Amino acid sequence: MAVHRPLSSWVARVLPNGHSLGDVNDGDPRTDARTLNLFLDGWERTAFPWTGRAVLALSRPADGLTVVELDEYGTPIATGEAAVDLLRRVEEAWPAVPDEVSGLARESLALRYWLLERLDAEGSPPDAVFALLPWELLDRAVAAVTIALEPGGRLGELVEIRHWLTPAVRGLSGPLEQLDHGLRTGDPDIARQGATTLLTNLRDLPLSRIPESSRRALGALVERLGDVPEHREIAAVVSGRLVDGTSAVPDDAAALVVMVVPASYLAPGDNEEETDRAKLDLNSPELAAVLGPRAQGRVFRSGTELVVTLSRVDPAAPALSVATGEPDAVVVPVSVEGRTHRARLPWDRPGLPERLVFRVVTR
Amino acid sequence: MSNRETDPRASSVRPLLEGDMVDDRRVNGFAWRAPAPGQRSNHHDDRLLLDGDELLDAPPDRRVPQSAEAAVPIAPMPPADLPPERAISSGFVDATVANRVAGLINLPGAVWQPFIRPLLAAVHASGHKAWLAGGAVRDVLSGVPAEKVNDLDMSGTVPTGRFVDMAYQALRATGRSEYPVRVSPSNLICYVSVPGLNTRLIEYRGLSRSGFPYPVVGSRLAEDARHRDFAFNSLLYDVLDETVLDPSGHGTGDLLNGVRRFRPLTGTTDPFELAEVVVRAMKFALRWADEARLDLEPLHRWLASMPDDLWASLTEMNRESLRKARAKIPAPPDAQRRFAATLPEPGRSLLESLIGGA
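As they're listed, the protein sequences go chains A and B. Mapping of the first sequence onto my numbering: position 261 corresponds to residue 261, and the numbering continues sequentially without gaps. Mapping of the second sequence onto my numbering: position 62 corresponds to residue 62, and the numbering continues sequentially without gaps.
Rather than coming from a laboratory, the hints here were simulated on the basis of the structure. This structure is a prediction, so every number in the text was calculated from the model and none was measured. Just so you know, not all the hints are guaranteed correct.
Mimicking SDA-like on lysine to any residue, the simulated pairs with C-alpha atoms at most 25 angstroms apart in a straight line are [as the list claims (entries may be wrong)]:
1) B:Lys328 - A:Arg339
2) B:Lys148 - A:Gly42
3) B:Lys324 - A:Arg88
4) A:Lys279 - B:Pro108
5) A:Lys279 - B:Asp20
Chain B is faced by these chain A residues, among others (derived, beta-carbon under 8 angstroms) [claimed, not checked]:
6) Ser20
7) Val24
8) Asn25
9) Arg30
10) Thr31
11) Leu36
12) Glu72
13) Tyr73
14) Ala78
15) Ser108
16) Gly174
17) Asp189
18) Gln193
19) Gly194
20) Pro211
From the three backbone atoms N, C-alpha and C, an ideal C-beta is built for every residue, glycine too.
Just chain A, with the same shape it has in the complex (with noise of 0.2 angstroms):
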């Protein structure tokens, strides 16, 4: 496996003339530049003089070729030659993470997103990692939103928090945005639907990711969401596991909720087809505790089913039930197939469910 390989999933060349850059991806921007075998092997980690700063960038010896790695809006991702040290250091341990990956905190929210985002798709860091994406973001929201919701409380700030905590947690901002949004433009079914959004995937996902202050700030808005008699129960149960977000103990012991990941980008390399294959999110100590901590999960379409492999599930592992989050979602034991466990649900949606419900089954 290359050492140094993009970041972003878009790179630009640098032209021969050294200071004008060619088309994102040579001009194929619906590539993804990390999966290419261009970068499999040959490339160093460097910093690109571009426009009297330095900007992450990519070198191959070879023939002097240099690619600088590009933000959402096609923009050089600025940084400093320290940085680009500690990142090359970051890479050659790829992708165990070393401590000193936290001298990054203050590195462009490009360069953190990117980074956190491969090291979550091609390994498994550590929850305090996730220390370096904009969790103030979050806590500006968070407190925004809970101030309205008091008595006579009005709206503070608007913060967009965007996709920049979701190498950490998806499902988290964006029912907390529509929430804010409902309140703002003063649309109560819009402010109620991001309500129970952000209180069910409150109580779903794996929150060890989510640093204690924001988890803190999270359980005040869920005590004043859980005002309204619609929202008590769950609002309860929440409030419970945001005190320790690595609790190992399941709030629904009977269903272990695995968000589906769909992944055109599952490793380097993969040339998988982009919307109909995926991998199961197990890294919940929940899961963890069923399926022991080697397990992994994938899931694919094959005509109008869902096929669910998993493997490397630990041999004591209870015998499983599997169904897609839908309400009127079919139950579907998991059968032993040699190393592999397998299922096949009945599915004739176009792409993938967004979850799974996995249940131990009671002989």
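Knowing the structure of chain A, use the given hints to seat chain B on it.
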């Protein structure tokens, strides 16, 4: 002139369009500059281009007014820039088209389903127009089931930064603000994707406009069609008016008249973009081989007009992108080789090199 004078259902707002007059100068299009790192793009990043700005190396620092209030709004609002016969009520194409498009837009479980309607509503409220474009229109018109459509391409009169703003607000209202909205500065395509992935769900580009040393979008459908690969891919669909737009005048005929005609439209000279057209031609030809008669003659004539050394400047990354696109075509390599062998040069050698020993 307000939109409502020509279309009673239109927004009362008339946005600025290419062809309007501002301070006695003609509006020539709209460019875009990326925001400061970490900031989200919005309408402040759009740049207004007037007559003469095509001579500049970079877009001038001139913002785009949000309406045509201070302008002379003489440009026709698309599709009024097309001859009337190129804006076809969907019922004249096929009585089921409107229902099938609605089925696609409202498809339960589809990733776009929650936010495409709010997005279209936001575009409508601004006075702008946005249409389904490209593959989704081609597929629906040719009878592909909605479940087989993977993503939605869109086009419209909305400048780039303003579209990012509208998309983000629609995502926010539907709990999907975690979906990254990206802009490729080299072609001003906006991508909405699933977090953590590079898979696009919606791809939007303003109407293509050439003649500038930097990327620009405009407001004329006929010019936009000249930037599409094939006529059957240049069709657009107005969801609100249930109208099929055929800016080239050949799209519906080439797709629906019993013979699928591969009529290239693109005027690009970029070797990679031309190579993409050849790979896509193979994809469609093999996909449709069993369901329709194909007329590849226009493609052959187009290829024969190309220089033999066209692919010499393709980069390593270009070739890998093309090989990946080729590998995704759901037809065995032997069938691909047989198709390649029917093409004149330089198309044949390109495909043979991409297929290799697969």
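When the hints from earlier in the document are held up against this structure, which numbers fail? Result: hints 1, 2, 3, 5, 6, 17 and 20 break, sorted rising.
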